[in-house]
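S.K.: Take a look at the letters that make up each chain.
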Amino acid sequence: MWRFLGTRIAMGAFTIWITTILVTLLIHAVPGDPVQIMYAQSQGTTPEQIEEVRRSLGLDRSIPVQYLMYMERLLQGDLGATIRGGQPVLEVILQRLPNTLLLACAAMFIAILIGVPIGFLAAYREGTLTDIALMIIAIAGISMPHFWLGLMLLFFFALELGWLPVSGNGWLNLVLPALTLGLSNAAIFARLTRSSMIDVMSQDYVQTAFAKGLPKALVLRRHVLRAGLLPVVTMMGLQFAFMMGGAIVVENIFSWNGVGRMAVEAIFQRDYPLIQGFILTFSVVVVFVAIVIDALYAVLDPRIRRS
Amino acid sequence: MNTSTHQDGPRAAPGFLRRLLRSPSGAIGLAIVLLLIFCALFAEMLAPYNPAKMGAGGRFLPPGGDHLLGTDEFGRDLFSRILFGSRITLLIGAVAVGISLTIGMAVGMIAAFRRGWIEAILMRSTDVLFSFTETLIALSFVAVLGPSLQNAVIAVGVAGIPFYARTCYAAALVETSKSYFEASISAGAGPARLVLVHLLPNVLPTMIVVATLGVSTAILAAAGLSFLGLGAQPPTSEWGYMLAGSRDYINRAPWLMTIPGIAIAVTVLGFNLLGDGLRTSLDPVERK
Chain A
1 MWRFLGTRIA
11 MGAFTIWITT
21 ILVTLLIHAV
31 PGDPVQIMYA
41 QSQGTTPEQI
51 EEVRRSLGLD
61 RSIPVQYLMY
71 MERLLQGDLG
81 ATIRGGQPVL
91 EVILQRLPNT
101 LLLACAAMFI
111 AILIGVPIGF
121 LAAYREGTLT
131 DIALMIIAIA
141 GISMPHFWLG
151 LMLLFFFALE
161 LGWLPVSGNG
171 WLNLVLPALT
181 LGLSNAAIFA
191 RLTRSSMIDV
201 MSQDYVQTAF
211 AKGLPKALVL
221 RRHVLRAGLL
231 PVVTMMGLQF
241 AFMMGGAIVV
251 ENIFSWNGVG
261 RMAVEAIFQR
271 DYPLIQGFIL
281 TFSVVVVFVA
291 IVIDALYAVL
301 DPRIRRS
Chain B
1 MNTSTHQDGP
11 RAAPGFLRRL
21 LRSPSGAIGL
31 AIVLLLIFCA
41 LFAEMLAPYN
51 PAKMGAGGRF
61 LPPGGDHLLG
71 TDEFGRDLFS
81 RILFGSRITL
91 LIGAVAVGIS
101 LTIGMAVGMI
111 AAFRRGWIEA
121 ILMRSTDVLF
131 SFTETLIALS
141 FVAVLGPSLQ
151 NAVIAVGVAG
161 IPFYARTCYA
171 AALVETSKSY
181 FEASISAGAG
191 PARLVLVHLL
201 PNVLPTMIVV
211 ATLGVSTAIL
221 AAAGLSFLGL
231 GAQPPTSEWG
241 YMLAGSRDYI
251 NRAPWLMTIP
261 GIAIAVTVLG
271 FNLLGDGLRT
281 SLDPVERK
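The listed protein sequences correspond, in order, to chains A and B.
Number 307 marks the last residue of the first sequence (my numbering); no jumps.
Number 288 marks the last residue of the second sequence (my numbering); no jumps.
Just chain B, with the same shape it has in the complex:
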């Protein structure tokens, strides 16, 4: 490990992808995530049937034949529903993490940069929110706003803010104590330059890893809410909601239970592996 770690951060970009692909978890994770994005983008072209069309085949047809993954209680094609579900799932992950990340990073960087009483207020409130746990925050939000997919995504996004704020604060605090940062202050750099040019690019690698892993947490949490009936409502082909519906037919059509579950697990695994891979390829300590 060399001593000028912060210098080779942005410049190491081309080598970074190579390192990511060389780690098995990074390569597999990236492949899964790319496949999901592909499915989500081209769902219309890939899906053999309209996901909402009832009676596309007989009811409860087992996987195989005309219906690759079988049909559900309304005769809807499960494969098409899973494909369109990938779009909803990725959107849930992106929006929820987007909310947590932007607000969390703003809070964390402001607290680390301003210090003093602003820091105290921001970080103490973050501590309190953190001890509420994400589940309770998300559940309270849904209780207030009422059950819907949109509200569930907002709830999961807000619930994640304390964690992102804490992580960003810790990363930013490390930067502000480094000598290049102090030198920049002595050289007369204004707050905007300090935050945007020095702080932001240097906390970004950490936050990218956290956000990638966070997509899996957010997808799991939102699917859990939909499973309870507090998120996606019919006839959405959201995977958690589909799983909840499968409970009534568990004996008759077990594939309605196994397949959406596998879809969620593979998606979450993909983001977890990618996050792990990114951590090893972005972290200068593990990089050696």
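The following block holds chain A by itself, in its conformation from the complex:
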């Protein structure tokens, strides 16, 4: 188990290291002069000021030197300053990251709460009308763009019915964005749970348990549920990454003050230090969550725990 986790942690650290390299190279991939582009919107920037920015970003050095400078600052917790406003990037991101994580976790909770029981029910009634109906709903749910679902929920619950606020950052404001993100992912969980449960139910040991005449509920609880949920747990890491990606869109619909909304603004404003910080933060969060999920998986699956 420790070996399994060690490999995963090493792989995660490697991914983050590659990200730091890509993030440094990112600014050089911009067609044209990034400093000119960044300041294109503000009039009256003198050539001297532009040179000053170029120096402060280290863009007048060679790429390897730039990378070392970037890493040196990074290890001191310094991600640079935003182009607009000159605030420390790390501070700007840390201010909003909790909002995004809160949204992603709430959405994950909703997705599992709705998706797993539906998948379980469909598997239990495999081939019946219930199963077919549930799976039609699931494929429709997967096909629905979450930005559209968000707009529809906003229209009905906030504007037509007036039950929930349109935007803001209170607890009630969390309901609609979390539902938007959660519902579209619930369908994925439902499909996965169903196929995994059906797979387990056809295993010899489950068939034997049924043949022994054990009550169905007992077999399901003791033999099917745990094994059938393992692939669902594995998928949670990937799903969380999806949620973080989906949050970028959903935050913009509901004006939820998270890193996703910040990232889109940064792209519009060509605020490269902020974009770099966002990419780095995003991959650290995704890698960290993936490792936590792997650890959970290792605890749940005796085949890995005892190896």
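Please note: incorrect hints may appear among the correct ones.
[Unchecked claim] Only part of the chain A face toward chain B is listed, based on derived beta-carbon distances under 8 Å:
1) Ile139
2) Ile142
3) Phe155
4) Ala263
These aren't lab readings, by the way, just hints derived from the structure by calculation.
Even glycine gets a Cβ: it sits at the ideal position worked out from N, Cα and C.
Put chain B on the given structure of chain A with help from the hints.
M.R.: Below, chain B without anything else, positioned relative to chain A:
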């Protein structure tokens, strides 16, 4: 299920279409996709108005009457815009999946065929890229290249490469371990013959399914970027972009929000159903 699965692959072609149409999801999916292709090809003939013409009718006319789906804030005919949008949407799906598929398949097959350090480098980099998630790759690309529909499509295409490479690698690896493949090596087949005659046709069914399902993912991702303003720019009648514009008139003209959304959902559903249908009709295990 018979034991010689790889033999009845290419030869089973005529029965394949029959099986596809017999599964409800395959038949419905195929019908939706064909309808979309029809709309995209004949948009000029089908559309009652020029999609970009402002003042084709009054502003914010509700659906019905002269304008089947109503008009938007500039008095443009929504039905015509949706029809022309189908062309853009299908093109987005095709180009993005084309990029992911060709590069992904090349990477996957080379890794499975060459093995050794080439395999290690290719597949480890794929793993790293995969853990970045498609959204982050696409967003980084747009951040570098700047917002435009073309850049959004490239971004979505590139973002999909790791997934296609992994899937193709797994499928190709299974083939290289089969006895016919080893026999072919012993018989002196060169690398070109091994890859093109044995590997490619046998990974193709899997990749066709993945690509069909991938069209829906790509369309959703590109529409999402356009919705954020990072993809299609005005006056394109791209559906995601149209949805974004509808937000300002959500109370006054809710149809501007519902209709492009339904268009995207139906398109994505069509490709999802077709992909599901193809999987059951191409997969020898599910075929039984």
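S.K.: Could you run down the list of hints and mark each one as holding or not?
M.R.: Structure-based check of each hint:
The closest approach between the C-beta of Ile139 of chain A and any C-beta of chain B is roughly 6 Å, which is under the 8 Å cut-off, so the hint is satisfied. With a least beta-carbon distance of about 6 Å to chain B, the hint placing Ile142 of chain A at the interface is held under the 8 Å criterion. The restraint placing Phe155 of chain A at the interface with chain B holds, with a minimum CB-CB distance near 6 Å, inside the 8 Å limit. Evaluation of the Ala263 of chain A hint against chain B yields a held restraint, the C-beta minimum of about 7 Å falling below 8 Å.
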